[in-house]
Amino acid sequence: MSLNDAIASVTDERQSSLNDNENKGKNNDEAFLLKRKRSYVRGNISRFCNKFSINGSQEEIDFTISRLSETFKELKILDDKIHALLPDDEFELDIIECADYEDKTKLTIFKAREALENFKVPNIDPTPDAAISPNEAMNEPYYPFPSSYASDLLSPNAPMTYIQSTVKLPTMKIEPFDGDIEKFHMFFEQFSSAVDLNQQLSIIDKHVYLRGY
Numbered sequence: 001m002s003l004n005d006a007i008a009s010v011t012d013e014r015q016s017s018l019n020d021n022e023n024k025g026k027n028n029d030e031a032f033l034l035k036r037k038r039s040y041v042r043g044n045i046s047r048f049c050n051k052f053s054i055n056g057s058q059e060e061i062d063f064t065i066s067r068l069s070e071t072f073k074e075l076k077i078l079d080d081k082i083h084a085l086l087p088d089d090e091f092e093l094d095i096i097e098c099a100d101y102e103d104k105t106k107l108t109i110f111k112a113r114e115a116l117e118n119f120k121v122p123n124i125d126p127t128p129d130a131a132i133s134p135n136e137a138m139n140e141p142y143y144p145f146p147s148s149y150a151s152d153l154l155s156p157n158a159p160m161t162y163i164q165s166t167v168k169l170p171t172m173k174i175e176p177f178d179g180d181i182e183k184f185h186m187f188f189e190q191f192s193s194a195v196d197l198n199q200q201l202s203i204i205d206k207h208v209y210l211r212g213y
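full-length UniProt numbering applies: residue 1 is where the sequence shown begins, and numbers increase by one.
These are computed hints drawn from the structure, not numbers from a lab. Glycine included, C-beta positions come from ideal geometry on N, C-alpha and C. Careful: at least some of the hints might be erroneous.
[What the hints assert, rightly or not] Only pairs whose alpha carbons sit at most 20 Å apart, straight line, appear in this in silico PhoX-like list of lysine-lysine:
hint	residue 1	residue 2
1	Lys73	Lys104
2	Lys73	Lys111
3	Lys73	Lys26
4	Lys111	Lys51
5	Lys51	Lys106
6	Lys81	Lys26
7	Lys76	Lys104
8	Lys120	Lys76
[What the hints assert, rightly or not] Distance windows between CB atoms, simulated:
hint	residue 1	residue 2	range
9	Asn118	Asp89	41 to 49 Å
10	Asp62	Ser202	16 to 24 Å
11	Asp89	Arg67	32 to 40 Å
12	Phe91	Asn198	35 to 43 Å
Start from the sequences, fold in the hints, and give me the full structure.
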């Protein structure tokens, strides 16, 4: 190799190194800005999760589900952009943090949907106006619905939702959620697939399954 070739080779290597450092610098700057934006979005996620209450009104619970779902989508987009800029060692640590926020979000949405079901189930508690004497109760047929539903059940044109609810529901092989947040993702996927997205189940049937887990 001639002296000129050697000098050219060294020059190319130095230029390549400078280009690599420049690209790394740009990636670091871009990742820094994205992380700042993500911190704000994560703060919203934590705020919605901490503020949620199962005793809230139907409007408040609906709002929580809507805002959490929208904010989580925004968070996932930022996560993907950041991960594309991170080196392997930082990527692995960041993935763990992302999983924590994903579990927190999905758990709160699950609890919110469970609380929302309470607003859709008819109130079957007896009222003082509907009280009857012990003798009347002995001769009165029992129906697991309010009296207005009972008459409909005896009709040949009874709605299918009422008829289905009188039939014994099939057993679902789903591992109950024991409160361990690491197992929640698996439980959530199983329950959604078997029950929540099952169009053959009425709202009342889904509520029965939900209370069982």
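Verification of the supplied hints:
no.	hint	result
1	Lys73 / Lys104	holds, 14 Å
2	Lys73 / Lys111	holds, 19 Å
3	Lys73 / Lys26	violated, 26 Å
4	Lys111 / Lys51	holds, 13 Å
5	Lys51 / Lys106	holds, 15 Å
6	Lys81 / Lys26	holds, 14 Å
7	Lys76 / Lys104	holds, 14 Å
8	Lys120 / Lys76	violated, 31 Å
9	Asn118 / Asp89: 41 to 49 Å	holds, 47 Å
10	Asp62 / Ser202: 16 to 24 Å	holds, 21 Å
11	Asp89 / Arg67: 32 to 40 Å	holds, 34 Å
12	Phe91 / Asn198: 35 to 43 Å	holds, 37 Å
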